[in-house]
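Given the structure of chain A, go ahead and fit chain B onto it with the hints provided.
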Amino acid sequence: MIVTKKKPFSEITKFLPHGKKILVAGCSICAAHCKTGDEQAVADMVKKLRVNGYLVAGSYVFEGPCQLAAIRDGFRKIGDLKFEIILSLTCGTGTQMLGEFANVMAYPALDTVFAGSVQIGPNITEYCRLCGNCVLHMTAGICPRYRCSKSLVNGPCGGTVDGKCDKDSETPCGWSQIYERSKELGVELAIFRTYSPPKTFTHHPRKYTVTREED
Amino acid sequence: MGFIAKMTEGRFAVTIELNPPRGVGMKRFWEEADMVRPYGDAFNVTDCQRSSMKTGPVGICHLLEDTGMESVVQVTLRDRNRLAFQSELLSAYLLGIRNFLIVSGDHPLCGNHPDAEGVFDIDSTQGIHVANMLKEGTDMVGNKLNKTPKEMNLGGALNPFSHLAELELIKAKKKVDQGAIFFQTQPVYDVKRFADFVSGFKGLKCFVLAGVLPLTSHKTAEILKYKVPGIHLPDDVFHRVRSASDPIHEGVALARETIEQLKGITSGIHMMSVDSIEYFPKILEGFTDKQDPS
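As given, the protein sequences belong to chains A and B, one line each in that order. Going left to right, the first sequence walks through residues 1 to 215 as this note's numbering numbers them. Going left to right, the second sequence walks through residues 1 to 294 as this note's numbering numbers them.
A few of these clues could be false.
Only pairs whose alpha carbons sit at most 25 angstroms apart, straight line, appear in this in silico DSS-like list of lysine-lysine [as the list claims (entries may be wrong)]:
1. A:Lys199 to B:Lys202
2. A:Lys48 to A:Lys14
3. A:Lys164 to B:Lys219
4. B:Lys202 to B:Lys227
Keep in mind the hints are simulated off the structure, nothing from the lab. Remember, predicted model here, so these are calculated numbers, not experimental data.
Pulled out of the complex, with its shape left as it was, chain A reads as follows (with noise of 0.2 angstroms):
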C-alpha cells in the first residue's frame, strides 16, 4: 500500500486559504489503513478547521480515490455540495486526481512517503521504492534499492557494521539481510559474483504511463 503520514497542522495553515469553501477528502483504503485519511481522521480535521475560522462545506471518504470509478462513485454521492477548495487526506496520486476531477485546488494534508506494509504493532515498514527495475529475484527477496541506503547493486559497503548501515546503528544492513536470508533459504545468488551495471531509467515509471492489458 502507498504509505501517508500527516502533515503539521500548522504546516497546513501555512498554505490552505481561509474564505473558501473546503470539501475534506479521506481515503478508506491506503489512508485509511495508516490512520491518516480514516472517517476519524476525516473527522478530527473538519474539527480542527473550524476552530481555526476555516469554512468546511463536507467532508467525504473516497474508496480508494486513486482510482476514476471510485472518484467518480464518491461525488456521486457527495451530490451538489457546494466547495471550492479540497483538503486531500490522501496519497499524492488521489490528491492530483481528486483536484483534477473537481477541477478545482486540491491541497495536501499528507506527506506521502512509500510503499510499504502495516507491521504488528504501530509500524508501517517500507518494502518497495517503485523504482521501475525489480530485481527482487537476483537478491534472495530482499530490495538492495530500498533497504540498502545508498541503494548498491554490488554487494555492501564498507560501512556496515555487525549487520548494521553505516547512517546509524539501527538501521539494518540491507547487504546483510540478502546475505543470511540466502543462506536460509539455501540459494546460490550470482549477484555476490557477476557484476551488475548501473540501473536504467528510461523503462522507468516516472514516463508517467504504463499500459495496462484489457480483460
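Positioned in the frame of chain A, the structure of chain B alone reads:
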C-alpha cells in the same frame, strides 16, 4: 616514479591522506602537506569525507601535482550522478591527475549536511567500470572520446574487517574485473586478521595498501572504537592506547609496529590521520625508500 610503478617493481609504497580545508584558505593544508611530502609516494585528497562539506579534491590534487606531489583523487558517487562523475574524471585528468580512488561514500546522514539527498546513481563497482570505459576511449554509453585518458589508475576502497568479509572479497574481485588495480583499506589494528583477509587476493592483479591510522590520543581511540563505522579496533589495542600515560609515544610505537608487520603482507600502506599528521615523519622514518625526499 609513480606509486603504481613502484609497487609493480615490488617496492613498498606509502600513500598519505590529506584532508582539504572548508574554505579557500590553504595555509594549514600546505603546512601539513609540506610536513609529510618527503615520506609519501602519493597523496590522497578526500572528497567531502564523512559526508561533511569541504573544498573539492580535484582542484587541490591539481595544486599538489603542480608542486611535484603525485596525487590520488578520491571521488564519491554519493554526490554525483553518472554524467557528473564521468565529466569530473575527465576534468581531473586534464588537470594532470592520474590516480582515482572511486568510492560510494558515506551516507549523507553521517555528516554535517544530513538533509542532503544521497545521489548513489551508480555504485563504486559500476563507477570503476565506467571509469575504465573512459580509459578505453568511450563514455559509458559508447560515445567515442576525442582523446583517450589512457593513463588512469583506478582504485577502490576495502574494509578487511567487515562482518561480511566473504562478500567484501567477492566485491573486490568484481572491482578488479572492472578495472581496479589498487585498493586502499580501512585502518588495520589487527594484522593477523588482515593477513587472513588479503590471502584471498592471491592471483588477483591488484595492489593492496593497508590503512594505518595512528592512535595518538585517548580521544581518537575512543572515536574510532565507538563512533566510526567499519573500523575494527580490538580491545587489547584500544586499552593499550587508552591506558597509556603518553598516548603520543604509544600511538607512534603502535603504528611503527603495525607497519613493520604489514611489510611483506601488502604492497604498501595508506596513512590516514585524525589529528596525528604531525607525527607521521616519526612514524614513517625508515619505512619510505622514496628516492628524492626533497
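Hints broken by the structure, by number, lowest first? 1 and 4
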